[in-house]
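Trainee: Listed here are the chains, written in short residue letters.
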Amino acid sequence: MKPDSFEAPDYYNLDDLLSDEHKLVRDAARQWVKREVSPIIEDYAQKAEFPHQILNGLAEIGAFGPYIPEEYGGAGLDQISYGLIMQEIERGDSGVRSTASVQSSLVMYPIYTYGSEEQKKKFLPKLASGELMGCFGLTEPNHGSNPGGMETKFKDGGDHYLLNGAKLWISNSPFADIAVVWAKNEEGRIHGLIIERDMEGFSTPETHNKWSLRASATGELIFDNVKVPKENLLPNKSGLGAPLGCLDSARYGISWGAIGAAMDCYDTALRYAKERVQFGKPIAAFQLQQKKLAEMITEITKAQLLSFRLGQLKNEGKATSAQISMAKRNNVDMALKIAREARQMLGGMGITGEYSIMRHMMNLESVVTYEGTHDIHLLITGADITGIPAFN
Amino acid sequence: MKILVCISNVPDTTSKINFTDGDTKFDTNGVQFVINPNDEFGLTRAMWFKEKQGATVHIATVGDASVEPTMRKALAIGADEGIRINAVPTDGFFVAEQLANVIKDGGYDLVIAGRESIDYNGGMVPGILASLLGMNFVNTCISLEVDGSTATAVREIDGGKEKVQAELPLVIGGQKGLVEESDLKIPNMRGIMMARKKALNVVEPVDATKATVDSKFEKPAPKGAVKLTDSVDELVSLLHNEAKVI
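Chains as they are written, first to last, in the UniProt record's numbering: chain A, 1 to 392; chain B, 1 to 246.
One or more hints might be untrue.
[To be verified] Distance ranges between label pairs, derived from CB positions: (1) A:Ser19 / B:Leu239: 24 to 34 Å; (2) B:Val202 / A:Asp15: 35 to 45 Å; (3) A:Asp15 / B:Lys216: 44 to 54 Å; (4) A:Thr381 / B:Pro220: 35 to 45 Å; (5) B:Asp158 / A:Pro282: 54 to 64 Å; (6) A:Thr301 / B:Asp214: 32 to 42 Å; (7) B:Glu181 / A:Pro282: 29 to 39 Å.
[Stated by the list, open to error] List of simulated lysine to any residue pairs, SDA-like, C-alpha gap at most 25 Å: (8) A:Lys337 / A:Glu42; (9) A:Lys23 / B:Asp12; (10) B:Lys227 / A:Arg276; (11) A:Lys23 / B:Thr14; (12) A:Lys337 / A:Asp78; (13) B:Lys16 / A:Asp78; (14) B:Lys161 / B:Glu180; (15) A:Lys23 / B:Asp119; (16) B:Lys2 / B:Met194; (17) B:Lys16 / A:Lys337; (18) A:Lys126 / B:Met194; (19) B:Lys16 / A:Arg26; (20) A:Lys34 / B:Met193; (21) B:Lys52 / B:Asn139; (22) B:Lys198 / A:Pro125; (23) B:Lys2 / B:Pro169; (24) B:Lys197 / A:Asp78; (25) A:Lys281 / B:Ser231.
[As the list claims (entries may be wrong)] Just so you have them, the derived chain B footprint on chain A, three or more residues with Cβ under 8 Å: (26) 24 to 34; (27) 61 to 73.
Rather than coming from a laboratory, the hints here were simulated on the basis of the structure. Glycine included, C-beta positions come from ideal geometry on N, C-alpha and C.
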């Protein structure tokens with residue numbers, strides 16, 4: 001793997017819109033990724049192993065619940081800081097960012113937003129410090145884009161709930177200490193439950209042979225008559241809107257994360273194109289390569305502005321789910337296209353682990369699918385502007 | 001032990017260097033500023049004294065409000081308090097006089113400055129500072145221990161190292177070796193949060209000597225085209241007749 005000589009593009013001086021604290025948070029995350037992630041990530045991706053040793057570091061740079069208030073162990077930062085941290089981590093690897101996204105938006109966010117005071121005090125500080133790791137169970141083998149059809153259910157067992165069912169494609173599941181799981185009660189209403197690793201009947205088999213997010217641990221959640229204490233039910237929200245609220249938070253972070261992956265591919269391709277000589281001149285001198293690079297920086301700049309504005313709206317509590325869908329869809333698609341173009345610019349070198357591009361490209365195939373597929377997000381925009389949902 | 005670390009706000013080493021105002025001023029447009037690396041080695045060593053020997057660490061910077069992000073980073077790394085002397089630094093003598101003014105009544109046992117800043121590379125501040133303060137001085141320092149009121153320092157000299165002992169108070173001109181690059185601290189979230197609440201005091205400058213004036217900056221001439229040759233005779237001829245270096 002080449003030394004990480006990444007320089008972040010900022011074509012529209014977006015840094016001028018950031019506060020000093022935003023930049024401090026962002027630069028710390030960037031420095032940490034250069035020091036702790038870049039040197040090892042290719043090796044772990046090749047081995048298809050999750051680098052557990054980086055969890056402490058992720059917690060230290062505030063990647064776990066940065067917007068959770070300080071009283072619950074978070075950093076009390078704003079949404080733009082959260083986005084910038086996700087951008088920097090995904091600049092290193094989408095799989096590592098996925099771990100942080102899940103912990104922040106899909107585990108800490110629902111406990112903070114829908115949980116009881118006791119649940120918040122019990123779990124949030126340990127999740128922020130990385131002492132506990134979490135995962136999120138919504139998707140099922142038969143229910144991906146249509147989570148409302150879920151089959152996982154629980155019934156009242158007197159002093160506990162009895163949970164049965166299975167969840168699939170769960171980031172962090174193989175090593176998570178807790179899982180925030182969405183299941184239907186006997187009336188068919190969706191509720192969130194906190195499942196703990198040592199509960200009897202709960203297992204988390206790992207999903208192997210992925211060609212994507214190889215440095216991230218993915219698995220299943222299987223519930224075979226799991227007795228869940230009643231105090232582990234998230235009391236303050238039920239219905240499909242509850243898990244979708246978590247996804248809004250995660251998708252917002254992904255919109256920033258994808259920019260990170262795109263920036264890394266662009267920066268790598270730009271540097272390579274200026275150094276690689278063919279026909280007596282650097283390939284950056286050729287119009288076809290310039291077209292690729294110019295379009296990349298244009299798309300990155302547009303994506304940066306989209307996420308920055310969305311961050312402002314999130315800070316003001318005004319961002320809609322449909323606006324978040326637009327940013328997630330646009331930015332991940334942008335990053336995937338840039339990864340593919342950048343891969344071509346590097347020729348044969350682009351397929352090797354010497355460069356990060358093909359790893360980003362393969363990772364982004366998951367990112368374009370998870371947290372709402374590319375197509376579903378388009379239909380969310382379609383439903384929003386026409387008032388007519390096309391998917392049900 | 002009370003330590004003051006002098007922090008210079010310098011362009012990141014990857015910055016593109018340009019000048020404005022008829023080549024008399026550095027163009028800061030689009031330039032990222034960082035803690036001067038030689039100062040950062042000193043700051044990191046000061047953090048070691050804080051952690052291991054209970055030292056209190058202050059930082060001081062001569063600069064306008066634009067240097068505060070760099071100072072906040074130093075506070076996020078762990079310095080306890082900052083002093084910003086509200087003046088645009090001109091030359092080394094001016095900076096040293098401003099720093100000496102805040103240090104002289106501060107009760108500091110140890111003043112650590114970088115051997116030189118990586119922007120103008122003057123290398124003057126620590127020496128002038130020691131002289132103005134009447135303190136002992138060790139320059140090009142690559143190792144520093146303090147036991148009671150005695151410091152043991154190793155300095156880099158031509159062809160070797162020199163180990164010296166000096167009584168506190170002491171001024172250090174520090175560099176890589178005080179700590180290694182891998183020891184440099186990345187501000188963690190707890191540090192960033194705590195830095196919000198730490199004092200960053202602004203003091204007005206004293207009248208100071210401006211010993212020099214920048215009259216013009218020039219960039220080195222761009223590198224010319226490379227001429228490749230397979231023939232040793234031709235190479236010798238080119239070096240002798242064209243490059244005129246042999």
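Trainee: A separate judgement is required for each hint: does it hold in the structure or not?
Mentor: Verification of the hints:
no.: 1; hint: A:Ser19 / B:Leu239: 24 to 34 Å; result: 55 Å, violated
no.: 2; hint: B:Val202 / A:Asp15: 35 to 45 Å; result: 24 Å, violated
no.: 3; hint: A:Asp15 / B:Lys216: 44 to 54 Å; result: 30 Å, violated
no.: 4; hint: A:Thr381 / B:Pro220: 35 to 45 Å; result: 53 Å, violated
no.: 5; hint: B:Asp158 / A:Pro282: 54 to 64 Å; result: 42 Å, violated
no.: 6; hint: A:Thr301 / B:Asp214: 32 to 42 Å; result: 36 Å, holds
no.: 7; hint: B:Glu181 / A:Pro282: 29 to 39 Å; result: 31 Å, holds
no.: 8; hint: A:Lys337 / A:Glu42; result: 21 Å, holds
no.: 9; hint: A:Lys23 / B:Asp12; result: 14 Å, holds
no.: 10; hint: B:Lys227 / A:Arg276; result: 18 Å, holds
no.: 11; hint: A:Lys23 / B:Thr14; result: 17 Å, holds
no.: 12; hint: A:Lys337 / A:Asp78; result: 30 Å, violated
no.: 13; hint: B:Lys16 / A:Asp78; result: 32 Å, violated
no.: 14; hint: B:Lys161 / B:Glu180; result: 17 Å, holds
no.: 15; hint: A:Lys23 / B:Asp119; result: 22 Å, holds
no.: 16; hint: B:Lys2 / B:Met194; result: 20 Å, holds
no.: 17; hint: B:Lys16 / A:Lys337; result: 30 Å, violated
no.: 18; hint: A:Lys126 / B:Met194; result: 19 Å, holds
no.: 19; hint: B:Lys16 / A:Arg26; result: 21 Å, holds
no.: 20; hint: A:Lys34 / B:Met193; result: 22 Å, holds
no.: 21; hint: B:Lys52 / B:Asn139; result: 24 Å, holds
no.: 22; hint: B:Lys198 / A:Pro125; result: 24 Å, holds
no.: 23; hint: B:Lys2 / B:Pro169; result: 10 Å, holds
no.: 24; hint: B:Lys197 / A:Asp78; result: 17 Å, holds
no.: 25; hint: A:Lys281 / B:Ser231; result: 24 Å, holds
no.: 26; hint: 24 to 34; result: holds (count 6)
no.: 27; hint: 61 to 73; result: holds (count 4)
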